[in-house]
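Number of protein chains: 2
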Amino acid sequence: MKTVLLIGALGKMGQAALTGLGKHKIISAGRSGAVDHIVDITSEASIRALFEKVGHFDALVNTVGACEYAHFSDMTEAQWMKTVMSKMMGQINLVRIGQDYIADHGSFTLISGIFNVKPIPFAIADATTSGAIDTFVKCVSLEMPRNTRINVVNPTVLAEAWDVYGDMMPGFEPVPSTLVGKAFERSVDGFINGEVLFVDA
Amino acid sequence: MKTVLLIGALGKMGQAALTGLGKHKIISAGRSGAVDHIVDITSEASIRALFEKVGHFDALVNTVGACEYAHFSDMTEAQWMKTVMSKMMGQINLVRIGQDYIADHGSFTLISGIFNVKPIPFAIADATTSGAIDTFVKCVSLEMPRNTRINVVNPTVLAEAWDVYGDMMPGFEPVPSTLVGKAFERSVDGFINGEVLFVDA
Numbered sequence: 101m102k103t104v105l106l107i108g109a110l111g112k113m114g115q116a117a118l119t120g121l122g123k124h125k126i127i128s129a130g131r132s133g134a135v136d137h138i139v140d141i142t143s144e145a146s147i148r149a150l151f152e153k154v155g156h157f158d159a160l161v162n163t164v165g166a167c168e169y170a171h172f173s174d175m176t177e178a179q180w181m182k183t184v185m186s187k188m189m190g191q192i193n194l195v196r197i198g199q200d201y202i203a204d205h206g207s208f209t210l211i212s213g214i215f216n217v218k219p220i221p222f223a224i225a226d227a228t229t230s231g232a233i234d235t236f237v238k239c240v241s242l243e244m245p246r247n248t249r250i251n252v253v254n255p256t257v258l259a260e261a262w263d264v265y266g267d268m269m270p271g272f273e274p275v276p277s278t279l280v281g282k283a284f285e286r287s288v289d290g291f292i293n294g295e296v297l298f299v300d301a
Numbered sequence: 101m102k103t104v105l106l107i108g109a110l111g112k113m114g115q116a117a118l119t120g121l122g123k124h125k126i127i128s129a130g131r132s133g134a135v136d137h138i139v140d141i142t143s144e145a146s147i148r149a150l151f152e153k154v155g156h157f158d159a160l161v162n163t164v165g166a167c168e169y170a171h172f173s174d175m176t177e178a179q180w181m182k183t184v185m186s187k188m189m190g191q192i193n194l195v196r197i198g199q200d201y202i203a204d205h206g207s208f209t210l211i212s213g214i215f216n217v218k219p220i221p222f223a224i225a226d227a228t229t230s231g232a233i234d235t236f237v238k239c240v241s242l243e244m245p246r247n248t249r250i251n252v253v254n255p256t257v258l259a260e261a262w263d264v265y266g267d268m269m270p271g272f273e274p275v276p277s278t279l280v281g282k283a284f285e286r287s288v289d290g291f292i293n294g295e296v297l298f299v300d301a
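Protein chains in written order, with our numbering: chain A, 101 to 301; chain B, 101 to 301.
Isolated chain A, as found in the complex (with noise of 0.2 Å):
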């Protein structure tokens, strides 16, 4: 059994997270709600104050990233940096801090989404950033830690979640929670590093 801090744990991304975790003791966190730690991810000092209180860990897994949706040129720059400073530097500060937290062997499991590879329009700065975020898994797996590892999971739609999204995502076939589920899985307890695990139907 492996301490796993779950970032995002009352979101649906959150709940097809937990699926794949059931083996392991949870510490919950999130923005607000029923959960062990509130964190901000946009800030460094709320995610420093969340190792501080949280102590030992084996493995981080954040399923958070707020992004703004809109056409190219109708995205202002605030809209922008706000999804740069969550999607994007936010999960990159996540792993920047917490490397100094992980215990020895531990893992890092980030969040992207298909948009990357599957444009649609509205959706130009949650694909770069999720570019940005498998490129950086990729790379930066290459000076982690302690033999600590990160992975990133780029899902489709959940089938949880396609009554909101199914209208602007066309073609898409949605995925269930539970083969989410398994990514996180597959990254917490496998050894497999630096990887882009695509779960899409």
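In short, the hints are calculated from the structure, not lab data. Wrong hints could be hidden among the right ones.
Said to hold, decoys possible - 27 Å max Cα-Cα, derived BS3-like pairs, lysine-lysine:
(1) A:Lys282 - A:Lys112
(2) B:Lys282 - B:Lys125
(3) B:Lys218 - A:Lys218
(4) A:Lys182 - B:Lys182
(5) B:Lys153 - B:Lys123
(6) B:Lys102 - B:Lys123
What the hints assert, rightly or not - Rough simulated footprint, nothing fancy, chain A against chain B, three-plus residues with beta-carbon under 8 Å:
(7) 112–124
(8) 166–176
(9) 219–230
(10) 235–242
Glycine included, each C-beta is placed from N, C-alpha and C at the ideal position.
Following the hints, complete the assembly by docking chain B onto the known chain A.
The following block gives chain B in isolation, referenced to the frame of chain A:
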């Protein structure tokens, strides 16, 4: 003959691009020195002022993007943000603002760099933002207005810069500036769109 706005004209990569743009009218821009227009791509106001001064142009070729280099464990938030705001958001903002000024059927050509597919130590921020720009170009090409196009040149190290970078790039083979110039030429004078033009040996 097209009017090409070349940003970073005095740098080594700008000079490489120039070797492929010989048949065009060049308007040069850069942060300093003997260029037609001074511009700082990390400033929205500076970018907008550039386009207002330049007036008509058929192609924008950008060859600049400042990056910080350090081991991931040593790289600070400030170093990350300097890279993100120049190589990534600087280039995105050139396109975001420039789409209102570029001529119909015009083209944007951005710059990334080989470290996102051939990682080396110290280059994690360069690699991550190069991955972001390669992804951005592939995805945003599908929503460019008025038949404008966008591509990105992703070169390995220039032969002309090997004396500076060779020691940190063991096993890499530099390419001549003229070969990189061909990639810029293929983007500006061709009809390709959404392509990452790798120039590697």
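If you check each hint against the structure, which ones fail? Hint 7 contradicted; others consistent.
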